[in-house]
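Participant: Dock chain B against chain A, hints included.
2 protein chains.
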Amino acid sequence: MQIESCYLFQGLTRPQIERIESIAKERFIKKGDWLFHEDQKATHIYLLKEGAIELVTKVEDAVDIPISIIRPDNGCLGIGALVEPYLYSLSARCMEDSNLLAIEQVKLQTLMQDDHELGCTIQRNLAQKLLARLKETRREIKIHFMNLVRSITF
Amino acid sequence: MQIESCYLFQGLTRPQIERIESIAKERFIKKGDWLFHEDQKATHIYLLKEGAIELVTKVEDAVDIPISIIRPDNGCLGIGALVEPYLYSLSARCMEDSNLLAIEQVKLQTLMQDDHELGCTIQRNLAQKLLARLKETRREIKIHFMNLVRSITF
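If you read the sequences in order, they're chains A and B.
Per the numbering used here, the first sequence starts with residue 1, numbered consecutively.
Per the numbering used here, the second sequence starts with residue 1001, numbered consecutively.
Bound conformation, chain A alone (with noise of 0.2 Å):
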C-alpha cells in the first residue's frame, strides 16, 4: 500500500503526502512475530506494503479472538497511535512475512499540529472509518442477540 492509498491519508495535498512520506521508514517482520501488543504505547502507525497481518484481542491468557486480518489492499494498523491516550487498543501478529511503512507516532503528531488542515483531514478520514467499524461491531452484537433470542425461543 502506498500513503495515498490509505484511508487515513484520502483528501490531502500532493504536499502533504510528500511531507508523510518523509517520514516513512520500511520495516520487515517475520511470519508468526507480534508487531505490537494490546494496551502498549502506540509508538508508530503502520501501512502494510506485502504479507498479512492479524489483529486479534485478548480474551483470557490464552484465547485470542480474531477481529481482522490486514492485507496490502485494506488499510493500515495501530490508529492507536492518532487517539489519547496513544495506546494499541488491539494486538498484530504477522500471518506472512511482511514488509511495511512504519510512521512515528511524534513525527506524524507534529506534522499535525503544525499543518491544522492536514490533521483534521487524518481526524475527520479516522472518525468515519471508526464509526464505520462501530457498526460493523455492532452487528456482530445483534447477530449474537438474535441468536439468543432464538436459543431461547424454540
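Because the hints were derived from the structure by calculation, they are not lab data.
Some hints here could point you the wrong way.
Stated by the list, open to error - List of simulated lysine to aspartate or glutamate pairs, EDC-like, C-alpha gap at most 20 Å:
#: 1; chain 1: A; residue 1: K30; chain 2: A; residue 2: E96
#: 2; chain 1: B; residue 1: K1058; chain 2: B; residue 2: D1073
#: 3; chain 1: A; residue 1: K129; chain 2: B; residue 2: E1084
#: 4; chain 1: B; residue 1: K1135; chain 2: A; residue 2: E140
#: 5; chain 1: A; residue 1: K142; chain 2: B; residue 2: E1054
#: 6; chain 1: A; residue 1: K129; chain 2: B; residue 2: E1136
#: 7; chain 1: A; residue 1: K142; chain 2: B; residue 2: E1136
#: 8; chain 1: A; residue 1: K30; chain 2: A; residue 2: E50
#: 9; chain 1: A; residue 1: K129; chain 2: B; residue 2: E1054
#: 10; chain 1: B; residue 1: K1135; chain 2: A; residue 2: D64
#: 11; chain 1: B; residue 1: K1129; chain 2: A; residue 2: D39
#: 12; chain 1: B; residue 1: K1135; chain 2: A; residue 2: E54
#: 13; chain 1: B; residue 1: K1142; chain 2: A; residue 2: D64
#: 14; chain 1: A; residue 1: K41; chain 2: A; residue 2: E54
#: 15; chain 1: A; residue 1: K142; chain 2: B; residue 2: E1084
#: 16; chain 1: A; residue 1: K107; chain 2: A; residue 2: E117
#: 17; chain 1: B; residue 1: K1058; chain 2: A; residue 2: E136
In this text the structure is predicted, and so the values were computed from the model without any measurement.
Facilitator: Only chain B this time, still in chain A's reference frame:
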C-alpha cells in the same frame, strides 16, 4: 448539559464555544416520541439539558436492542451528523419529557470549515470517543464469545 461540558467541545476556546452557542436552539420532545431514526439523514447534533433519551438499534422489524441511555450529564446524541455520509447510526427515543439543545449539522460544518483548529479539535474528540465505544463494544463481543466457549466446553 452546557455546550462546554460536552466531550465533543473539550479544548475549545471561549470564543469558539460562543460561536457554537450562537447556532444552538432549544427543542422540547415528549416522552415516547422518536428524536431520530437509524440510517436517516443526520441533520442535527443534540445535547440533552433535561430528561432521558434511549439509543437503540433495530435488529428485526419488531425488535430493538438498547445501546445506551443518554442523560444530561453523559454526552450528546447524533454524532453521525459529524461523519460522512451524515447518517444517524442509531435511533433515539425519548424516555422522559426532555429539553435539548439542537445544533444544525450544516451550520456546524460551516463553523468547522471556517476555523480548522475548531474542526480539528471536534474531530479529535470524536475519534477518541468512537475508539472508546469500539473498545466497549468489543468487550461485549468477548463476553458473548466466552459464554459460547463455556457452553461448548461444559
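Participant: Tell me, in ascending order, the numbers of any earlier hints that this structure violates.
Facilitator: Those not satisfied are hints 2, 9 and 15.
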